[in-house]
Amino acid sequence: MPDNKEKYAKLQEVIEKHKGERGAVMPCLQEAMNIFGYVPQDVQEMIADGLGTTLSEVYGVSTFYSQFSLKPKGKHVIGVCLGTACYVKGSQKIIEKLSEELKIQPGDTTDDGLFTLNATRCLGACGLAPVMMIGEEVYGRLTPDQVPGILETYRA
Amino acid sequence: MENLVKLTIDGVSVEVPAGTTVLEAAKKAGINIPTLCYLKDINQIGACRMCIVDTGARAFGAACVLPVSNGMNVKTNTPKIREARRVNLELLLSNHDKKCLDCARNQKCELQQMCQDLGVDDVDKYKGKMNEYDIDDLSPSIVRNNNKCILCRRCVAACNNTQAVGVIGPMGRGFKTKIGSAWEQPLNDVACINCGQCIAACPTGALYEKDSTKAVWDLLNDETKTVVVQPAPAVRAALGEEFGIPMGTAVTGKMAAALRRLGFNKVFDTDWAADLTIMEEGTEFIGRLTNGGVLPMITSCSPGWIKFCETYYPDFIPNLSSCKSPHEMEGAMIKTYWAEKVGIDPKDIKVVSVMPCTAKKFEAKRPELGHNGLADVDEVITTRELAKMIKEAGIDFANLPDEDFDPVLGESTGAGVIFGATGGVMEAALRTVYEIVTKETLDKVDFTAVRGIEGVKEATIKVGDLDVNVAVAHGTANAAKLLDSVRSGEKTYHFIEVMGCPGGCVTGGGQPIVSAQKRMECDPKTLRAAALYNEDANKPQRKSHENASIMAVYKDYLGEPNSHLAHELLHTHYTARPKYKK
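Residue numbers (our numbering), protein chains in the order written: chain A, 1 to 156; chain B, 1001 to 1582.
Errors might be hidden in some of the hints.
To be verified - Label-pair ranges, simulated between beta-carbon atoms:
1. B:Lys1125 with A:Cys122: 28 to 36 Å
2. A:Glu100 with B:Ala1057: 35 to 43 Å
3. A:Thr84 with B:Ile1135: 33 to 41 Å
4. B:Leu1101 with A:Arg155: 55 to 63 Å
As the list claims (entries may be wrong) - Incomplete in silico selection of chain B near chain A, CB under 8 Å:
5. Leu1091
6. Ser1094
7. Gly1166
8. Val1167
9. Gly1169
10. Pro1170
11. Met1171
12. Gly1172
13. Ser1181
14. Tyr1580
Simulated from the structure, these hints should not be mistaken for lab results. Glycine is no exception: its CB is placed at the ideal position from the N, C-alpha and C atoms.
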């Protein structure tokens, strides 16, 4: 696991950089998200001990903000907009179709680690409703029957 | 000269030092502003919005965090404020289970009291979705029922700030916010020290001790068992409060009478073992001092403190006195010395401890605290649980006659009774160590330098040619500070007393709950301690080595302090514990 070792060393650097700062937990968690893709327990313990705070404090922050993920994320993160416009245009059906195809609930990741499915607030592309994003790619004016084909392009 | 600020509260003019909050100033003017999240010296965060007042500003301010200013005109009781407080309370209730009958805090609940005071009686006012939580009762000491939690964070502040433990905190957001341990772990799986200060801080029934009253009733109903009880020193200083007796009244005689009426076969007293502890610990200290042992030696009576040391300061384990805590010593002596003396098979003896402490419930289950396969102590109930049993039995506590404890393991000196207050163990030890080392009689047995409620107390005591440096800390956050100063080499002591709870056992996690309002009016630490110091002052003997029954036990049974047999029965060992469960 040389790869992992490197990640922890990098986190240690981040912690050293922020140590003693007021409100240091948040930037450390943010950078840990960038390094690991999520913030598991041992990462949070390292942050807590490194900053001289408690694990409950770190965990509290990590569960308050939706940007922090406690579980590993898939290679492709799907965000389906459930904002008002998309919802009215049937995005609920899109997310249900995705759930069915991927066999996971919103918030979860597929066993093969390929996809994470999230419901999101307004993505700011209401003109294209209903909208979803996969990674940085935006898909608009969706219908449920387009979903399997789009997913297939990521499986290749 | 202190800078004074003049203001008006509900037409009453008050003058208070700058920096005082409106809440405190109002109290001075005879006005009780309702509070829920506020807890004096522990939690001041203006979160619950019950203490809102009108200062003419655009929005109502939270009095608990609002500093006074000159010429301020505060209104605490207008129709708008009363209505806002009521809505606040109704919204709190909308996510509270409102099952008062099955609640440990029924009739002692600050939320219930406030509903009554503010005339909030429509439990269905905001009927809607509620959170439903599993009750966490896996810890031997503390139960958390988040269905009754109002998210005031008083427990979090007590755990984090007063105790420097910090194993609970808020998690999640909005409607899903709850208080608990990281990663949803049960309290038993995190590095909780079982002190119960979270319970003492809780305004509702979201936190309470793991009930042992049923187990004790079962023992009392078992004809084949000899059931022996021992109350800790601090219990007598507070038990009366549960029966309307003013705080600071020792109820020693009534307590002995009540225990006898509950059906215990023998009513002994942990004060006796406190004297025994002084003989063992004092001798251990003199030994370390003269034989180059590990110093400073640190007391080991408080199981919350012990677990704190094992978990957060394991490098100080060699400094801990090897003495078991007094009730464990008493249990060990009951099941050996006393059992032999009265000819009862120790297997048929059950020892029940009444403790001001929830950590004692954990301690009694430590596998190393026993002898010949029998635990030293079988059940531990808190002062609150004893009060509950007395009420259940229909005993008219306030009108009981005073009775004595049973001989021999109920006979104690004044040194034993002060164990319940911070500094008490140190003072009791000094009385004996001084006389043993110098072979002189103390002119004055009161060591007032180690009394009082300052977080860390220090003194230098001349014992013969030697200047003995001692320190006393109470509350584990203070202990942490003290140990840090020893670790860094900044301070050098010979002997340290640590009690896990602020104030020592008198304000332990198992003592009668004192409401936030009451804590603004008086200091339970001082009042309850005074009851013990008073009892000490009136005792014919005030030094442990003058306890005739203890001396007899050494002569007839143990040999001498720290003898081989004494070590086997009265001493223990400690284990470093991980901070995180792997």
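Hints and how they fare:
1. Evaluation of the 28 to 36 Å hint for Lys1125 (chain B) and Cys122 (chain A) yields a pass: the beta carbon distance comes to about 33 Å.
2. Checked against the hint of 35 to 43 Å, the pair Glu100 (chain A) and Ala1057 (chain B) fails, with Cβ atoms roughly 55 Å apart.
3. Checking the proposed 33 to 41 Å range against Thr84 (chain A) and Ile1135 (chain B) shows it holds: the Cβ atoms sit about 39 Å from each other.
4. Checked against the given bound of 55 to 63 Å, the beta carbons of Leu1101 (chain B) and Arg155 (chain A), roughly 58 Å apart, stay inside it.
5. Annotation: Leu1091 (chain B) was flagged as interfacial toward chain A, and the flag is violated, the nearest CB pair being 21 Å apart, outside 8 Å.
6. The criterion of a C-beta within 8 Å of any C-beta in chain A is not met by Ser1094 (chain B), whose closest approach is roughly 22 Å, and the hint is violated.
7. The criterion of a C-beta within 8 Å of any C-beta in chain A is met by Gly1166 (chain B), whose closest approach is roughly 3 Å, and the hint holds.
8. A distance limit of 8 Å between C-beta atoms decides the matter here; for Val1167 (chain B) the minimum to chain A is near 6 Å, and the interface restraint holds.
9. Hint status for Gly1169 (chain B): holds, given a least beta-carbon distance of 3 Å to chain A, under 8 Å.
10. Below 8 Å, beta-carbon pairs count as interface contacts, and Pro1170 (chain B) has one with chain A at about 5 Å; its hint therefore holds.
11. For the restraint placing Met1171 (chain B) at the interface with chain A, the shortest Cβ-Cβ distance is roughly 4 Å, inside the 8 Å limit, so the hint holds.
12. The closest approach between the C-beta of Gly1172 (chain B) and any C-beta of chain A is roughly 5 Å, which is under the 8 Å cut-off, so the hint is satisfied.
13. Because the smallest distance between the Cβ of Ser1181 (chain B) and any Cβ of chain A comes to about 6 Å, under 8 Å, the interface hint for this residue holds.
14. Taking 8 Å as the C-beta contact cut-off toward chain A, the hint placing Tyr1580 (chain B) at the interface holds, the least distance being around 6 Å.
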